[in-house]
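Enquirer: Listed below are the residues making up each chain.
There are 2 protein chains.
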Amino acid sequence: SNIRGYTLSQLTPLPEIMMPWSNYIMSNGGGVVSSTTHLLDFLEEPIPGVGTYDDFHTIDWVREKCKDRERHRKINAKKKESAWEFTKSLYDAWSGWLVVTLTGLASGALAGLIDIAADWLNDIKEGICLNAMWFNHEQCCWGSNETTFAERDKCPQWKSWAGLILGQEEGPGSYIMNYFMYIYWALSFAFLAVLLVKVFAPYACGSGIPEIKTILSGFIIRGYLGKWTLLIKTVTLVLAVASGLSLGKEGPLVHVACCCGNIFSYLFPKYSKNEAKKREVLSAASAAGVSVAFGAPIGGVLFSLEEVSYYFPLKTLWRSFFAALVAAFVLRSINPFGNSRLVLFYVEYHTPWYLFELIPFILLGVFGGLWGAFFIKANIAWCRRRKSTRFGKYPVLEVIFVAAITAVVAFPNPYTRQNTSELIKELFTDCGPLESSQLCQYRSQMNGSKAFVDASPNKPAGPGVYAAMWQLCLALIFKIIMTIFTFGLKVPAGLFIPSMAIGAIAGRIVGIAVEQLAYYHHDWLVFREWCEVGTDCITPGLYAMVGAAACLGGVTRMTVSLVVIVFELTGGLEYIVPLMAAVMTSKWVGDAFGREGIYEAHIRLNGYPFLDAKEEFTHTTLAREVMRPQRSDPPLAVLTQDDLTVEELQGIINETSYNGFPVIVSKESQRLVGFALRRDITIAIENARRKQEGILLTSRVYFTQHAPTLPADSPRPLKLRSILDMSPFTVTDHTPMEIVVDIFRKLGLRQCLVTHNGRLLGIITKKDILRHMAQMANQDPDNIMFN
Amino acid sequence: SNIRGYTLSQLTPLPEIMMPWSNYIMSNGGGVVSSTTHLLDFLEEPIPGVGTYDDFHTIDWVREKCKDRERHRKINAKKKESAWEFTKSLYDAWSGWLVVTLTGLASGALAGLIDIAADWLNDIKEGICLNAMWFNHEQCCWGSNETTFAERDKCPQWKSWAGLILGQEEGPGSYIMNYFMYIYWALSFAFLAVLLVKVFAPYACGSGIPEIKTILSGFIIRGYLGKWTLLIKTVTLVLAVASGLSLGKEGPLVHVACCCGNIFSYLFPKYSKNEAKKREVLSAASAAGVSVAFGAPIGGVLFSLEEVSYYFPLKTLWRSFFAALVAAFVLRSINPFGNSRLVLFYVEYHTPWYLFELIPFILLGVFGGLWGAFFIKANIAWCRRRKSTRFGKYPVLEVIFVAAITAVVAFPNPYTRQNTSELIKELFTDCGPLESSQLCQYRSQMNGSKAFVDASPNKPAGPGVYAAMWQLCLALIFKIIMTIFTFGLKVPAGLFIPSMAIGAIAGRIVGIAVEQLAYYHHDWLVFREWCEVGTDCITPGLYAMVGAAACLGGVTRMTVSLVVIVFELTGGLEYIVPLMAAVMTSKWVGDAFGREGIYEAHIRLNGYPFLDAKEEFTHTTLAREVMRPQRSDPPLAVLTQDDLTVEELQGIINETSYNGFPVIVSKESQRLVGFALRRDITIAIENARRKQEGILLTSRVYFTQHAPTLPADSPRPLKLRSILDMSPFTVTDHTPMEIVVDIFRKLGLRQCLVTHNGRLLGIITKKDILRHMAQMANQDPDNIMFN
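Protein chains in written order, with this note's numbering: chain A, -10 to 776; chain B, -10 to 776.
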């Protein structure tokens, strides 16, 4: 039932925004819109407006691609006429590269900006830099000579709020003051973020990836990738991240990059006027987005290919790669983290892993899969509740409430108080001799042998590690609960970082446990071979990374792209096998509870018309069971090719709500001639009555090449052949639906006519297919029970 | 004309092999074969043989996928019947992973074997290890304590042939003796290789990639990936590499991996009985092949995606990745080069590159593009000559002749005498203080400052470098000429390594030139900023790598996968921009001379029915201009659904040579019912006459659901509905060919029926499309001139 209504209400909670569009959709019935410009008679002028799309409609990939080839042919034909035309053709040929370059540059720059601003604003929650307000905590202390390396976070220039207001840094009073200021700032940022989103750009909320997937599959959502969305999303993303909510900036960065791609595509007519070509730019932009989000250009391209893109020709692969690289290089020159890396949590390990460790890695995979399945179910249930009850009407209050709880609970625990990216970095990093983290407070076994810096053999855990374990366990529970309620709030909110944090915490805990097990029981069979006392055999940081990948995999069900993204974070082929083992396990475990990833689940929740390329259609139904009209329906509304009058035609259009009508030879023969679109017919009749003289209500309408022979006194007939699509896709009524679904997916169709022995029987639209698939999925248990 | 005849004569020069198949093809006319098992009436038993393919026919992707889903449904339905059925369904579900794991294991093991064997056999040309014959030169000297590091290649255990036979290692006599033995061994290996190929497995010759592309696109070449081909290709590849011919093992390794994939797929009915599913395994296998050839698992997957695969669902992406990783790990455990790396020429650079250097990098790209275009034209011209003249009849003589010239010319020049992989390694490697190569004989500027080992500042070239430059120039010319004549010989021959060698030589020459320019003219504006005396600003090894990528890109027109492969060789994101600049330039320059890569050119030369997904169809023709029959042709051979007798049907089949026949309602209405295949009809009639009583020549044949009403005395009618494909693909006669081509590519069709207003007009087969595309390409100049 969600599919029918296209209720995007989660995105647009404001009734005044939702209403007109919702009405429009309702009136569309089996909604189909098409462009037929490639078949225009060349003698006639093209009618303005024919070949464009309404908002919230599906594009016709085949026609769009034909349009583009037609445009290309025209430019090529003119090329040799003059130097100016030649320059234009060059500009046209290069515009693809230009637009992806611009997109890459802008995405990289914006990502750098967001990183720096979020970092600064995040530190504002704790204190301020006295001599330079625009420095964050770390930058503030860089100039200080008074601190040692171990205490590099403490310097006189950086004042906590308690230090500034109360004049003292320590003591319960300052703790409470800092606690209060932390909550104050968190709430302010969250309030500002949700207010900006609500007032200026409702589309800026959420991660944006479900909508981008839908748009890339050929749906039109005007304004979703516009300049206002870009501006507000950039600003509110910084605020949302700084507010300390359990969310990440990685998903929204993809949305930001796609906005850049969409905006730049308006500079180039090749892309702005063709919805299919524009989607090539968007595919490249989403690769650039992931590239800057994770510092993984190749991973970004594979993400675009595996997760979001629908139509991905090889040319786009190449350009996506380029955009991802440009974005990565811009971000690296901005160097937002001061570590010459694209992400905060880049790590390098030096210890190999051992075969036995696959067991804990696979256990982490199981945990990731369970977490993913649980998260999807819980989050979707919560979001459905938000949509269906009155409670969803107060998004601002909800955000403030969640932000308040997050801030109150997060502050006391150092692992939840800090920035999630920094937490992940700390969990990923192996304990070296220079590491001052609580997680590395092992009891030293080597007396004074500090010279031997590179090796960090397994040691018994000290009290710091035990304390950290407890805090990590609490942080894990906190993150799990808060993330469920945070994803879906009306602020920009990514899911990658919280998921990774949850996995990293779990992984680190498992890693330390295995490490201690190996230390105390090194005579066990499993450890004896390779893990002697004094050797560095277990890397808890690697467990954290494997756990992070497993949890992210469980939630998103990404596979190759995820492994490649994490591989690019570590820079070593060595650890791909543990990663793959964990990600694969996580996917299989997750799939056992439901095959959808979180993005597909949100797409279905919002009822977008998205035909998933990954989901297999495995039923044995035939086209005639899905097509309309079914036996109980009214007969199919068809037009005859040469015996309707303008009045009759308008009557048919007004009586029905279909988006297009098959044209047949005659009522008797039912043989199919072509397909005409409601929108095109309306535009063409209006155009004719305005421009052509002698067109009356009684004028005969004909779709044939030559006018029919008419009585002498009849008014001038109206030729509508130019808007007739003379190559509609047809299948026979006996075609298995699996083939029909395949055709729709691969060719990007919106409708397909059904014939039997050459006679028109009915029509199947994309929506009919989605409805049928939903029906089949729900009815499956019944079917099996009846058998 | 090549397309029509499918003359594979280059591959199968033996008349007795070519003839029967060639005849078969000729008789096929508009050749189409299809499988329609999914529409079988369930009451009737499936007729054995229906749904299989003949050799050298194209598969029907849509039907194959339907068949697989049907099989899957059956297994799923039975799953809960018994524990045995459940185990079978588990086996079925896991067989995809099992087969790619096995393929990866086998490919890795074979690659390691080939590497070790080729290395040993290659050193046999120069001498022998006295105490252990099975050691190659390097291994032989490992155990020796008498040699210093600089002279690590010289040890008493290793005897050159002159040393062994004449008893002296130095002097003109030994030189001539070594020269002679070098030629002797080279000729022996080459002779043995070509003999084995000719006698046992003619398909083992060449690189195999053009054929694999064709097979993956849905063509059937029986035996091309069989066990004999695998065995002979593995053995002869070692011989061919060792013979010193200008060829590489990388392309053939892909063929070897695909053979493994094909052989293992026979263990699993899911893959052995379904041509479409089998191709998924082959896609994964080709990824594994590139993975072991270049030590680049991700590059391998992208190669499979970009270069060879046709149908690449996401599941295959994931399995390809797995196969590539398994293969890489097996190869790494074998460690054939003793450097813990997968390839000989793995390098790490430590110097950044500077913006100005993009100019020489782009120049290298231009060189690569020119080389690629020249190579393709020259090689294709030579191969065409080989095919069309009597000269192609003596493949053994040709190989021996080329091998003799190669050996004679190669021996005096150290850069051509050595193994090409080693040459590439030497050219890629930067000059460090431990490098003893002639290329690194710079005049030292630092007196005795040996302690400072890591920095290697730019220095003036010494006499060794000048000598090396001359030798490299000669080697470049030699390699260019020999590669043209070598690729296409009847021995396993890859193109990657020779192309990379040519690029690496050119790149190293340019690199040294720029380095010397920067040293002597460091006050020039371009150098002043960043290249002072005593700094290490130019890395000639990087130029070699960029040149290698550019040349490989020019020949194969790969883009992303090539960059990723080379990126995985260097292990640094740093150098992707120079690589991309060079590869892009090379592709554009190459495309200016002809858009085909070498593999597509060879596919066209051999006339395989391959519909390239990359090539755009840009003409404005309509389906009715391409379909047959055209006006001058005899009318379309059709069957009517219920008024033919067995005799008439057999008459139609015998009179025509088409592979399939449309079935219509009646001659008058011409309305389409379905499509029946020649092979299926023949099998069904034979089957009926054998098994059903009362079927005579006068029996009525009907394709309808119910038997037609017949006179009382007529013989029992024959129902053929089970072999009728009731969902043939149709397009209207007005459909632009660009859409038709798109449908054929995306859905993997073999034929499509053309209708007009519901009436059957004609048929378009894949071959018609290829013929039309060839016509359009040839006629283009005329068309423009007439306009």
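No wet-lab data here; the hints were simulated from the structure. Everything numeric in this text was worked out from a predicted model, so none of it was measured. It cannot be assumed that every hint is accurate.
All copies of an identical chain are treated as equivalent in the list; a pair is satisfied when it fits inside any one copy or across any two copies.
[Unchecked claim] Derived pair list, reagent style DSS-like, types lysine-lysine, alpha-carbon separation capped at 27 Å:
1) Lys680 / Lys735
2) Lys63 / Lys603
3) Lys366 / Lys148
4) Lys262 / Lys67
5) Lys756 / Lys304
6) Lys262 / Lys735
7) Lys216 / Lys69
8) Lys63 / Lys148
9) Lys756 / Lys68
10) Lys382 / Lys262
11) Lys603 / Lys735
12) Lys143 / Lys603
13) Lys756 / Lys262
14) Lys216 / Lys187
15) Lys77 / Lys366
16) Lys366 / Lys756
17) Lys148 / Lys656
18) Lys77 / Lys63
19) Lys68 / Lys262
20) Lys603 / Lys382
21) Lys304 / Lys603
22) Lys148 / Lys735
23) Lys304 / Lys143
24) Lys68 / Lys187
25) Lys262 / Lys63
26) Lys603 / Lys69
Enquirer: Indicate, hint by hint, whether the structure satisfies it.
Expert: Tested hints:
1. With identical chains, the CA atoms of Lys680 and Lys735 are never at most 27 Å apart, being 40 Å at best within one copy and 42 Å at best between copies.
2. Within a single copy, Lys63 and Lys603 get their C-alpha atoms only as close as 37 Å, which misses the 27 Å cut-off; across copies the closest is 21 Å, which meets it.
3. For a Cα distance limit of 27 Å, the shortest separation of Lys366 from Lys148 qualifies neither inside one copy, at 44 Å, nor across copies, at 72 Å.
4. Within a single copy, Lys262 and Lys67 get their C-alpha atoms as close as 19 Å, which meets the 27 Å cut-off; across copies the closest is 52 Å, which misses it.
5. For a Cα distance limit of 27 Å, the shortest separation of Lys756 from Lys304 across copies, 26 Å, qualifies, whereas the shortest one inside one copy, 30 Å, does not.
6. For a Cα distance limit of 27 Å, the shortest separation of Lys262 from Lys735 qualifies both inside one copy, at 23 Å, and across copies, at 25 Å.
7. When the C-alpha separation of Lys216 and Lys69 is checked against a cutoff of 27 Å, the pair qualifies neither within a copy, at 37 Å, nor between copies, at 55 Å.
8. For a Cα distance limit of 27 Å, the shortest separation of Lys63 from Lys148 qualifies neither inside one copy, at 66 Å, nor across copies, at 71 Å.
9. In this homomeric assembly, Lys756 and Lys68 never come within 27 Å of each other (Cα to Cα): the closest approach is 42 Å inside a single copy and 33 Å across copies.
10. In the homo-oligomer, the alpha carbons of Lys382 and Lys262 never lie at most 27 Å apart, since the shortest distance is 37 Å inside one protomer and 57 Å across protomers.
11. Proximity of Lys603 and Lys735 under a CA criterion of 27 Å is satisfied in both settings, with 12 Å inside one chain copy and 16 Å between copies.
12. Taking identical chains as interchangeable, the C-alpha atoms of Lys143 and Lys603 are never at most 27 Å apart, the minima being 51 Å within one chain and 59 Å between chains.
13. Taking identical chains as interchangeable, the C-alpha atoms of Lys756 and Lys262 lie at most 27 Å apart only when both belong to the same chain, with a minimum of 25 Å there against 35 Å between chains.
14. When the C-alpha separation of Lys216 and Lys187 is checked against a cutoff of 27 Å, the pair qualifies only within one copy, where the shortest distance is 16 Å, while the shortest distance between copies is 66 Å.
15. With identical chains, the CA atoms of Lys77 and Lys366 are never at most 27 Å apart, being 53 Å at best within one copy and 31 Å at best between copies.
16. Taking the shortest Cα distances, Lys366 and Lys756 sit within 27 Å of each other inside one copy (25 Å), while across copies they are farther apart (51 Å).
17. Proximity of Lys148 to Lys656 under the C-alpha cut-off of 27 Å is found in neither arrangement, the shortest distances being 84 Å within a copy and 94 Å between copies.
18. For the identical chains of this complex, Lys77 and Lys63 are intra-copy neighbours only, at 12 Å inside a copy versus 58 Å across copies, given an alpha-carbon limit of 27 Å.
19. In this assembly of identical chains, the alpha carbons of Lys68 and Lys262 lie at most 27 Å apart only when taken from the same copy (20 Å versus 52 Å across copies).
20. In this homomeric assembly, Lys603 and Lys382 never come within 27 Å of each other (Cα to Cα): the closest approach is 34 Å inside a single copy and 50 Å across copies.
21. Both within a single protomer and between protomers do Lys304 and Lys603 lie at most 27 Å apart by alpha-carbon distance, with minima of 22 Å and 8 Å respectively.
22. Taking CA atoms no more than 27 Å apart as the test, Lys148 paired with Lys735 passes in neither setting, with 60 Å inside one copy and 63 Å between copies.
23. Taking identical chains as interchangeable, the C-alpha atoms of Lys304 and Lys143 are never at most 27 Å apart, the minima being 52 Å within one chain and 51 Å between chains.
24. When the C-alpha separation of Lys68 and Lys187 is checked against a cutoff of 27 Å, the pair qualifies neither within a copy, at 49 Å, nor between copies, at 52 Å.
25. In the homo-oligomer, the alpha carbons of Lys262 and Lys63 lie at most 27 Å apart inside one protomer (15 Å), although the nearest pairing across protomers, at 48 Å, exceeds that limit.
26. Within a single copy, Lys603 and Lys69 get their C-alpha atoms only as close as 45 Å, which misses the 27 Å cut-off; across copies the closest is 26 Å, which meets it.
Checked against the numbered hints given earlier, this structure breaks hints 1, 3, 7, 8, 9, 10, 12, 15, 17, 20, 22, 23 and 24; the rest are met.
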